[in-house]
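Line by line, the protein sequences give chains H and Z.
By the numbering used here, the letter at position 65 of the first sequence is numbered 880, and the numbering carries on one by one without gaps.
By the numbering used here, the letter at position 59 of the second sequence is numbered 123, and the numbering carries on one by one without gaps.
Don't read these hints as lab results, they were simulated from the structure.
Incorrect hints may appear among the rest.
Footprint (simulated), chain H over chain Z, 3 or more residues, beta carbon under 8 angstroms [unchecked claim]:
1) 96-106
2) 109-123
3) 163-172
Derived contacts from chain H toward chain Z, CB cut-off under 7 angstroms, selection only [as the list claims (entries may be wrong)]:
4) G857
5) L858
6) V865
7) F905
8) T914
9) L917
10) G920
11) G922
Label pairs and their calculated CB-CB ranges [as the list claims (entries may be wrong)]:
12) S884/H / P176/Z: 49 to 55 angstroms
13) Y94/Z / I830/H: 43 to 49 angstroms
14) Q109/Z / P823/H: 19 to 25 angstroms
Using N, Cα and C, we set each Cβ at its ideal position, and we do this for glycine too.
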Amino acid sequence: NAGVTQTPKFRILKIGQSMTLQCAQDMNHNYMYWYRQDPGMGLKLIYYSVGAGITDKGEVPNGYNVSRSTTEDFPLRLELAAPSQTSVYFCASRVEGFTGELFFGEGSRLTVL
Amino acid sequence: GNSVTQMEGPVTLSEEAFLTINCTYTATGYPSLFWYVQYPGEGLQLLLKATKADDKGSNKGFEATYRKETTSFHLEKGSVQVSDSAVYFCALSRNTGNQFYFGTGTSLTVIP
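Starting from the given sequences, assemble the full structure and let the hints guide the process.
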């Protein structure tokens with residue numbers, strides 16, 4: 816079972832560059848999320864989606880964009896990378912309904928220099 | 065608003081010691097409650113959950129009971145092992161809305 820797959824696992828960017836973090840899930844989950852985790856800190860929600868074509872901002876959306884064209888995929892785009900975006904990014908998904916748990920990917924470690 | 069408060073870490077215990085990590089929450093209605101574990105260099109994994117008051121979630125020797133009267137979901141284990149060293153996150157999901165709310169995490173180190 817693949818679950819939630821994130822690519823790349825590691826990436827170094829220069830200030831001002833752009834990139835896309837890919838996230839795919841094979842569990843047919845409608846709900847998908849992007850979080851960032853700064854060193855020694857908890858999780859902050861960047862964006863989430865409750866289905867194809869529907870996205871919404873979380874706690875820290877500035878500097879990021881998302882799209883959801885299919886149920887399976889939820890890419891996160893970083894525009895004009897800044898050192899403050901150095902973090903570990905986690906994608907997660909779950910079924911509808913508040914009792915369902917989140918399933919996480921293994922994370923993408925991004926460094927902006 | 066909705067929030068989760070966890071005890072501050074880091075926590076260091078000797079092997080076979082008793083573990084308690086406190087978690088309290090603020091939420092309207094009847095949320096579902098979760099404990100996640102993050103091993104070094106890995107993503108978060110569900111450890112256990114409880115979806116209604118007085119439910120007890122359990123897994124791998126860990127337990128937590130959903131206490132609505134004290135709005136708490138404390139994590140306990142009777143005898144920790146070195147392999148339990150990780151960061152533990154308490155989280156809630158409301159019965160309305162689509163978001164999860166995470167605590168800040170508690171780092172546990174178990175020494176032989």
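Cross-check of the supplied hints:
no. : hint                                : in the structure
1   : 96-106                              : holds (count 4)
2   : 109-123                             : holds (count 4)
3   : 163-172                             : holds (count 6)
4   : G857                                : 4 angstroms, holds
5   : L858                                : 5 angstroms, holds
6   : V865                                : 6 angstroms, holds
7   : F905                                : 6 angstroms, holds
8   : T914                                : 4 angstroms, holds
9   : L917                                : 6 angstroms, holds
10  : G920                                : 6 angstroms, holds
11  : G922                                : 5 angstroms, holds
12  : S884/H / P176/Z: 49 to 55 angstroms : 51 angstroms, holds
13  : Y94/Z / I830/H: 43 to 49 angstroms  : 46 angstroms, holds
14  : Q109/Z / P823/H: 19 to 25 angstroms : 21 angstroms, holds
Checked against the numbered hints given earlier, this structure breaks none of them.
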